[in-house]
Amino acid sequence: MKKSLALVVLFLVSLVTPMVGTSQSESPVDLEVLHTVVNPANNNTYHLLSAASWEDSASYALALGGFLTTVDDEAENTWLFDTFASWDNQSRHLWTGLSDANSEGDYRWHDGTPFLYRDWGDSQPSEGGDEHYVHIASTNMGNIMPGTWNDLENDPQYFPVYGVVEIGPGADYSLRFDGDGDYVVADHDEGLDFTNSTNVSLEAWIYPYHDEGLQFIMMKGDYGWGLYLNGDSLAYASQYSLSQHPVSNATVAVNEWTHVRVDIEVNVGGQFFINEQPAGAIDANGAKLPLGDFGSNDCFTSGEDCDEFYIGRMGAGCDCNFFEGMIDNVTVSSGSSANQEQAAVSTWSFPEGEGNMTLDSVTTSREGSIIGADWVMPDGSIVAQAVELFSDEEYTVEDASEGDTLLFFTEVEEYTRSLNWFSSSFKFDDFEDPISYDVYVGFNTIPNQWNNDDYFGADFGFAYHELSWPTEGVVWFVLIPDNDLEDLTINIEIDVADPPPTLDDMTELKQSIAVTNQQIQSQGNFDDFAMNYYYINVTEPLADLRVRTYGGRGNVDLGMSYYSPPQPDFFWGWEEPSSDEETSGGKNVEVKETWSNEPGNDEEVHLFDVEPGLYYVTAYTSRMAREFTIIADFVYPPENVDPEEAITLTPGIEYGLLSGYKGLSQYFKVDVPAETERLIVDLSDGEGEASLYMRLDQAPTRSTYDYHSTSEGADDRIAFNDPSPGTWYILLATDYAFTGVNILAEFADRYVWDYDGTPIELFNDESLDGISIPKGQTIEFYAMLEQPGNFFIIESSGGSGAIQIVISGVQYEVIFTGGGGRPGGDFGLDTELNDVTLKSGNSGTNHRITMESPMNGRIDIQVIGMSDSEEVSLVAMWDESEFPIEPVEPEEPESVETCAETAEINFKQLDKDKSGVLKGAERDNIDASTESRISMDLNTDDEIEYGEYLQYRCTCDVEAQAVFDGFGQGRNEVTLESLESHDWINNFDFEEINANDDEFIDKEELELMLVLCETSFSAFDEDGDGVPDKDDAFPNDPDESVDTDGDGVGDNADLAPSVANDLIYSSAALIFVVLAGLLFTFMRSSKPEQELKEWGDEQRIDAAMFEMGESGSESFTEPIEQPLPASNNIMSNDLTESLDLPSIEITSQQLLDAPDDSLMGMVLNGKETIEYPSGSGTLWVRDEPEHPWQQKL
1 MKKSLALVVL FLVSLVTPMV GTSQSESPVD LEVLHTVVNP ANNNTYHLLS AASWEDSASY
61 ALALGGFLTT VDDEAENTWL FDTFASWDNQ SRHLWTGLSD ANSEGDYRWH DGTPFLYRDW
121 GDSQPSEGGD EHYVHIASTN MGNIMPGTWN DLENDPQYFP VYGVVEIGPG ADYSLRFDGD
181 GDYVVADHDE GLDFTNSTNV SLEAWIYPYH DEGLQFIMMK GDYGWGLYLN GDSLAYASQY
241 SLSQHPVSNA TVAVNEWTHV RVDIEVNVGG QFFINEQPAG AIDANGAKLP LGDFGSNDCF
301 TSGEDCDEFY IGRMGAGCDC NFFEGMIDNV TVSSGSSANQ EQAAVSTWSF PEGEGNMTLD
361 SVTTSREGSI IGADWVMPDG SIVAQAVELF SDEEYTVEDA SEGDTLLFFT EVEEYTRSLN
421 WFSSSFKFDD FEDPISYDVY VGFNTIPNQW NNDDYFGADF GFAYHELSWP TEGVVWFVLI
481 PDNDLEDLTI NIEIDVADPP PTLDDMTELK QSIAVTNQQI QSQGNFDDFA MNYYYINVTE
541 PLADLRVRTY GGRGNVDLGM SYYSPPQPDF FWGWEEPSSD EETSGGKNVE VKETWSNEPG
601 NDEEVHLFDV EPGLYYVTAY TSRMAREFTI IADFVYPPEN VDPEEAITLT PGIEYGLLSG
661 YKGLSQYFKV DVPAETERLI VDLSDGEGEA SLYMRLDQAP TRSTYDYHST SEGADDRIAF
721 NDPSPGTWYI LLATDYAFTG VNILAEFADR YVWDYDGTPI ELFNDESLDG ISIPKGQTIE
781 FYAMLEQPGN FFIIESSGGS GAIQIVISGV QYEVIFTGGG GRPGGDFGLD TELNDVTLKS
841 GNSGTNHRIT MESPMNGRID IQVIGMSDSE EVSLVAMWDE SEFPIEPVEP EEPESVETCA
901 ETAEINFKQL DKDKSGVLKG AERDNIDAST ESRISMDLNT DDEIEYGEYL QYRCTCDVEA
961 QAVFDGFGQG RNEVTLESLE SHDWINNFDF EEINANDDEF IDKEELELML VLCETSFSAF
1021 DEDGDGVPDK DDAFPNDPDE SVDTDGDGVG DNADLAPSVA NDLIYSSAAL IFVVLAGLLF
1081 TFMRSSKPEQ ELKEWGDEQR IDAAMFEMGE SGSESFTEPI EQPLPASNNI MSNDLTESLD
1141 LPSIEITSQQ LLDAPDDSLM GMVLNGKETI EYPSGSGTLW VRDEPEHPWQ QKL
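Each residue of the sequence shown is one higher than the one before, starting from 1 at the first, in my numbering.
Worth flagging that the hints you see were computed from the coordinates, not collected in a lab. Predicted model only: the values in this text are computed from it and were never measured. Some hints could be false.
Unchecked claim - 27 Å max Cα-Cα, derived DSSO-like pairs, lysine-lysine:
| # | residue 1 | residue 2 |
| --- | --- | --- |
| 1 | K908 | K1003 |
| 2 | K592 | K662 |
| 3 | K919 | K908 |
| 4 | K775 | K908 |
| 5 | K1167 | K1192 |
| 6 | K775 | K912 |
| 7 | K914 | K1003 |
| 8 | K775 | K839 |
| 9 | K839 | K912 |
| 10 | K775 | K919 |
| 11 | K775 | K914 |
My request is simple: use the sequences and hints to build the entire structure.
See the structure below:
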C-alpha cells in the first residue's frame, strides 16, 4: 500500500461530513457486523452490516477503518450480489458507497473514487425527492431487476437496507506529466532550507513512459538538490554541472511503478535505492548539497528568487527536462546531524484527486500549484466526473480551463449502426484565439492521449465525428481543451438498425453460386426504396467477402453489413474514408458495412478480414431492376503470410487475383539472374490501396527494405536498373484494403529517363510518369496558370526512392473593402500579392502540396532526389477562381544574365569540393541530358572543366532558350526590343526568324531559331579570331594568331615574318659597323705616319693588356661553342599545314659560309676577329683588312 491510509481517511471524512449531518448525533453503536468475507479478486475485506440508514452505515464503516463499498466493475458487482444479497438465506438490499448528496447528479463514491462503472436499473436513477443514495436491489422492484442499482432516500421506511463495508486502500490518486511543460511548483519556506542539514533523503514512486534523456522527478530552486532519471539510470543533482552528477549502477524499468530513493550524508557519501534495493554508492565528491541559489542567467536577469521546489521538471534555472509519466508520494527528509534520525519535511501524496492545487501532507501551509499535469488513478486512468450523454439530448459545459479533463460516456446497444458526435464552443472576441480541443474515444475502457481507439479534434470550436457500427457496450469520450472555453454544447445522435428479419424472409447466397433472374420493383418515389434481402453464412475466416450483381435491366444498388440488412434510407450514397490525419494517434475502427451505387446493375461490395457469422445483403432500387444476377465470392486467407511461405513468381507471368486488408502481409519472391538489366514488379487490375516493398535475399518489412512503392491506389510499381543477382523478396501490404490485384515480375532492357536541364511544363491534370531522379539532382518543372485560381496542387506518387518537392509562385489575398464607414458606400475587393514557397516532406515518393489562391502566371516546381528515385509520377492540378480577380501580366525584366554569367554561377554551385572541375556526382548533377553531359567532356577525361561547361551553356540553342525563358517569365512571347538589347555571346538575326513581322518573338519562332542558329562562340578562343587558344600565339589579340619566327611579333605586324627581328637588327648593326669601319680606314689612310705608329703602339698596348687580363683562361683563339637556340613550335602541325605561311630555311652549310670581306671586326691578340653570324658563337679571324676571313678553329 503506497499511501498512508490515515491521511486518506482524514481527507475523506471531510468529504462525508455534509452527508452525515444531524444523523451524527445518533450513535451507530447499535450496528453490528453480520458477515465478513475476503474478495479473492482484490484481496480486500468486506463486512456486511446490520440494517441502518446510509449515513449511519457510512459512519460505522469509517469506524471500522473502511468505507461503504466501491463497485469498480461488473465482476465486483456480481460478487457483492452473490455474496451478500441472499446470505443466510435472507434477501437483503445492499447499500453501496455511491451518493450525490453533495451535488445533485454529481455522484461520488464514499472513498472518493471517481464514479465510472455503473449498473443502473431500468429508468434509474430516478432522482426523486431526497433519493441521493444508491443500493443494489436483491429482488425485483418493478422494472428494476435483481443485481441492478436504484437510488433511495437516506433512511427508507418501506424496507431495510444493509450496508457493505470495504476495507482497502481507498482512493489513490497520482499525477500524470506529459513531458512537455507539466509540473508542480511550491514556494520556498523555512522548512525547505537545508543550510544546516547534514543528511538528506529524496524518494518517490514513479511510472516513466520512456527512458530517454533527462527526466527530473524533483529539484529545489536554481540548480539545487534533486532526483532525476538520466536515461534508465537514477541520478542525484549534486552541483551545477549535470555531467558530474552521480548515477546509479542499476536501471529503472519503464511502464511500471518503481520506488526510487537517494540517501545523502553531506560531504561524506550516499547510496541509491531502487525498489528498496541498493543501486550504487556515492562518494564524497558526489554527496554535495546545493541549496538552489546558483544564480543562473534567467534568474539573474529576471530578478526572481528562483528558490521554489519543483516536481516533474528541472528547477527554476531551466524550463526543461520535464518528466513524462506518473509520479506519486514524493517525500523529502532531512536531518541536522549524522547521528540524528531523519524526519520528513515535505510529503506530496496528491490525495485531492481534482483541482489545480495540492497540499503538502507534512504542513498544510505548503501549497503546490499543478501546471498542466492530469489527475489519474495508479493504473493511469483519468480522474474525472463521468457525464452520461443521451442521443438527441444536448449537454452544456458551462466552462472549462485549459488542460482540464472532461469525461463523457454513452451506452451503445446491439445493432447500433452509427454514433455521431457534435460539439461547439465559439468566441466572438477578435482578440481571442479560436477554441480548440482534443477528444479521445475508447470502447469499454477510458481512453487517454497515449491509449485510445479513436481520436478527433476541434477546429474553431466545432467538432464532428462519426463512429460506424460501434462496439456494443460503453463508449467513453475524454475531452481536453487547449484553451479556456465556455458554453461548450455537446450532442450525440445514435442510429440503431432494425433487428434482422428472419432467415425465412431472405435468400441465402452460397459461395460462387449465382442466383439469377432477380427482380425489384419500386413504387416510383425517389425516397421509396424496394428491397430484396439476402444472407451469407460464413463458416471460416475470409480475407475478402465479395458480392456482385450484373446483367439484366434497370438500376440496382447494393449494401452489405454484419449486424443486420443495411437500410438504404440511412445511406446517402457516398462514403468518405478517413485519412491518416483524421485517425492520427488512434486505431482504425472496424468497418462492418459497405455500399455500391454505380449506374446500372453492375455493382460490387466487399468486406475484408471476415470472421465466421451471418452477413446480410440488401439489393435495392427506387425505380426498377429486372433479370439481374447476384453472386457471393469467398477469398480465403492466403498461405504466404510468412517469408518462409513466399510464393515464387515466374517472370512475365501474372499471379492473382489477390485481396488484402490492414494487418495482412503477403510475401512473394523472384530469382534474378546475373546481367539482368532491369527488374520490374507491377500491380495491376485491382481496386483499393496496396503497397510494395522489396529486399535482396531477405524478407522486407514496412520499415526495412531496399525499394518500396506506396503510391495511392492498387497499381503500385517498382522498377530499377541493374538489380543485384539473387532472390528478391516482395512484401504486399496495405493500410486499408485491396481486391482483385494481379502481381507481375518481369525483366526488361535498361531504362533511362533523360533530363536535358530545360524546365518541363506540366499541364492541368495530365500526369507525367516514369521520372527518374538521381540522389542530389534537381529536376525543374513549371505550370502556367492563365487565370487566378482557388488552389494549385502538385502531387507525386509511385515508384521507389525518396524525393522532396519545392514549389514557388505568387499567392493572392482577397481584401474586402467598401463603405469607409459612410452610409451607402460602395463595397468591393482588392488583392494583395505575396511570393510563396512551399516544401513537401523528404521521405518516400508520395507527396502533395496545395497552394491556396494562386495568382495567374508561372509556378515553378523543383523535384529533388533525396535518394536514387525511379518510376515517379507527377501531376499538377488547378482551377479558376470565381472571384473577380484581375489577372496580372508578369513584367518583362529589363535584363537577364548572359550565358557566361549563368555558367560561372552554376559552375560554382556545382563544384562542391572547389577543385575547379566537375567529376562524379558533381558531373551527374549538371542540368543537362546524359548525352549532353557526355558530349560536354571534350577531352574525354571524365571531368568537366569550366571551359567545357561554359562552351555548353553558350552553345547557341542553349543560350537562346535560356534568355527567352528569362525574359518570357512563362509567357509565350518576348519583345524584340528585349532580345536585341541583350548582350549575346553568339550571333542571332531576329529579323530573319520574325515570320509575322511583329514586335515579338514567340515560341514557334524560337523553335525555328534553335534549329537555324550556329554557334559562333568558343570558350577556347578568347579573342574570337577562329584560332583555338592553344594554337593561338596571341590568344587575346583578334588580329594576330601566328608568330612564325618566334620573335614575339605577330606575322601581320612583322617586317620579315620568316626572319627573327634580332637577326635583322644584328645585321643592321653589322652594316653600320662596316660603314663606320670604311670611314675609319679612309680617315686612317690620310693620317701622317707618326700618328699611325702611335695608333699601332697603342693597339699593341691594349692587346697586351687584354692578354694579361685573360691570363688563366682559354685563349680567344680557341673556338667558342654555344648551342643553337631550340626551335619553339607553338602551332600544331594541323594548323601549320592549313595556313600558307612564308618560312625561313637556314642550313648548317650556310651558317659556315665566310662573312663578306668588307665586314670589319675587332683586333684581338693581334688578329682582326668577328662573330658571324651574329649570336652564333662562330668566330672568324684575319691578319689584314684586305685578307679574306678564316674560321677560327
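Do the hints match the structure? See the list:
1. K908 to K1003: Violated - the C-alpha atoms of K1003 and K908 are around 31 Å apart, more than 27 Å.
2. K592 to K662: Measuring from Cα to Cα gives roughly 14 Å; hence the hint holds.
3. K919 to K908: With a Cα-Cα distance of about 13 Å, the restraint between K919 and K908 holds, given a limit of 27 Å.
4. K775 to K908: 19 Å, holds
5. K1167 to K1192: 11 Å, holds
6. K775 to K912: Roughly 15 Å separates the two Cα atoms, so the pair holds.
7. K914 to K1003: 38 Å, violated
8. K775 to K839: Given that 27 Å is the threshold and the Cα spacing comes to 17 Å, the pair holds.
9. K839 to K912: Holds, at about 24 Å.
10. K775 to K919: 15 Å, holds
11. K775 to K914: 20 Å, holds
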